[in-house]
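Student: Residues per chain are reported as follows:
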Amino acid sequence: MSFLWVAAEGICALSANKLRNFLMMLGMIVGVALLAVIMAVGKGTQQKVIKRVDTWPIRVIKVNAGGGKGYTRPQAGVATLKLEDADAIRDRIRGWDLMLCVAEKRGLPMKFGSRQCQADVFAVEPTYCEMQSWPVQEGEEIGTEDIRTMARVCVVGTTLAKTLFGEDNPIGEYIYIGKVRFRVKGILKSRGIGPGGTDSDNRALIPLTTGMRRLFNQGYISYVRVRMKSVAAVPNAVKTIRQLLRKRHHISPPETDDFSIVTAKQIAEVARGISRTLTAVLVALAGLSLLVGGVVMMNILLISVAERTKEIGLRRALGATQHAILVQFLTEALSVTLIGMTLGAALGWSVSVALRRYTPVITETAWEPFALVIPFALLFGVAFGVHPARRAARLHPVEAMR
Amino acid sequence: MIELEAVEKAYGSGSTEALVLKGISFRVEAGEYVAIMGASGTGKTTLLNILGCLDKPTGGHYRLEDTDVVSLDDDALSHLRNRKIGFVFQMFHLLERTKALKNVMLPLIYAEEYPDDAEERAKKALTSVGLADRIQYKPGELSGGQQQRVAIARALITDPAIVLADEPTGNLDRRSGLEVLAIFRRLQQEGRTIIVVTHDQAVAEHAGRILLLSDGAIAHDRPVAEPRDAEAELASLPKEDRR
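Chains A and B, in that order, are what the protein sequence lines are.
Position one of the first sequence corresponds to residue 725 (the numbering used here), numbered consecutively onward.
Position one of the second sequence corresponds to residue 75 (the numbering used here), numbered consecutively onward.
Quick caveat, the hints were computed from the structure, so don't treat them as lab data.
Hints may be right or wrong, so weigh each one.
[Stated by the list, open to error] Cross-link-like lysine-lysine pairs, in silico, DSS-like; alpha carbons within 30 Å at most:
(1) A/K1034 to B/K212
(2) B/K118 to A/K1034
(3) A/K772 to A/K953
(4) B/K197 to A/K1034
(5) A/K1034 to B/K198
(6) B/K176 to A/K1034
(7) A/K1034 to B/K158
(8) A/K1034 to B/K96
(9) B/K130 to A/K1034
(10) A/K903 to A/K772
(11) B/K96 to A/K742
(12) A/K742 to B/K176
(13) A/K829 to A/K903
(14) A/K742 to B/K197
(15) B/K96 to B/K158
(16) B/K130 to B/K118
(17) B/K130 to B/K173
(18) B/K197 to A/K835
(19) A/K742 to B/K173
Can you make the complete structure from the sequences, with help from the hints?
Tutor: Below, the structure is given as structure tokens:
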């Protein structure tokens, strides 16, 4: 028996029943195309995320109150971080050029005349606008004098201004935050929706001292930001801050930190991790659809074997061994997976290019799907082809010819 | 050439065992043209399957040329069928959507070694059954008689020791049937061994010897004194009936 000629019989069977073979391939085409598109979108998104994360100022170290992975938002009501901690950091760290302490409260009631709303209140130091690169568009920032005198003044975001004052100019007006009356002295520039999905402009800035003593009545802050003079100084500063705070808070080894330190590097790692996880989940889904495609192929092959029982019997009568029949049907299965998956990879590539060109979806066409076609085709062809092929090979010629 | 000795074939086992062939013995010499007759249910098909090495007897001995068929495994039986036996079936059993030429070449795929001159041989075989101008036709484009002649060409392609035909004229009109029988006669004259299984007395009388099966055993085994001549009968058919 010549292996090649028998294999050729399997390939010939493909052209014989085009619709059936197309249906068999469909699962492979869709599965691989999906996989290719997901990979392309995954790659594109990852790059987008990294680009976005890169806007985090690389020289800045943020120390959050509360332990855990505080890369999102400082935990509310955690009283572990004190102004004295910030002072200690200020004294011990070398090479910083800007520092900022913030105490924040989310969703405080605001009132102007009869208008009321809720907004986030940030009790800040005068370095806020520079540290956050967020200047006022009108009026004045929170100043050193305001801190010293615990002035009841505030700077409002554009959303808050609009809610309370409509089209009127809020500067010089008095609003109530909680039960305390504040004079509006500035309006922040608009920043839109923040990365967390909240409106960044629905906020009010007040002096740190006023916030802690007069409004919040608390001796702790939410976070400290330290900007270093150079990126190179960041890792050492992080280490020093951690040691310093652990010592000040009397934390010894088995206990975990009651604060968390966030840097650009760390954020990038987390973001990459998230997008990687997302891609993995999507790839698993595409794999699942491939699996379904494989099962469909197996079923159609089984039907095909049943339909071609007479043909198989004839071939056996003419001298085909069981092995020859097995090879023929396995070749058929492998051809289906190989052709189907190649078509799928090409389709996925086209769709990725089209997505990039005609929709806002960012894709990065990948070569991996094409490289994966051969091993995947072999794997699926054998995994889902062997059962029908075996069934065909085991048909008894006499029974089959009947 | 062919030697059967007390061949038995039983289906099932224990109390439900059914003995289909009850000790059949006969010899067929090379170059003989034998018809096996019998009503349905007498074990004709079972005997044909054993002769064709598609099935093994459950008792007795079967020698094909120098091979003891009973002792062979499935692969060896496959090879034996490929080399020694040419099958002709009642339903032709051609591959649809496949040209006559490819159909005829099919057994060569399963030969020990694929011959270089496969296509030449297939063309020659088709020419010898009078289908030289039909080699590119698919079965659906051929008449029943032509399809059966393609099947005969396929049976001959491996140059087998015996041609085994199962009701070869059963699905054909009288003229096509006679054409097939004329080919068998010619093959015998060329020295091939031919065994035809049929229930049709008229078809059987073209052979040189008739074996009559009855209830799984040979009822009688007699030579045909004067075999019918398919060529002569074809010539005597009315002219307007000729194609």
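Student: For this structure, which hints from the list above don't hold up?
Tutor: Violated hints (numbers, rising): 10, 11, 17 and 18; every other hint is consistent with the structure.
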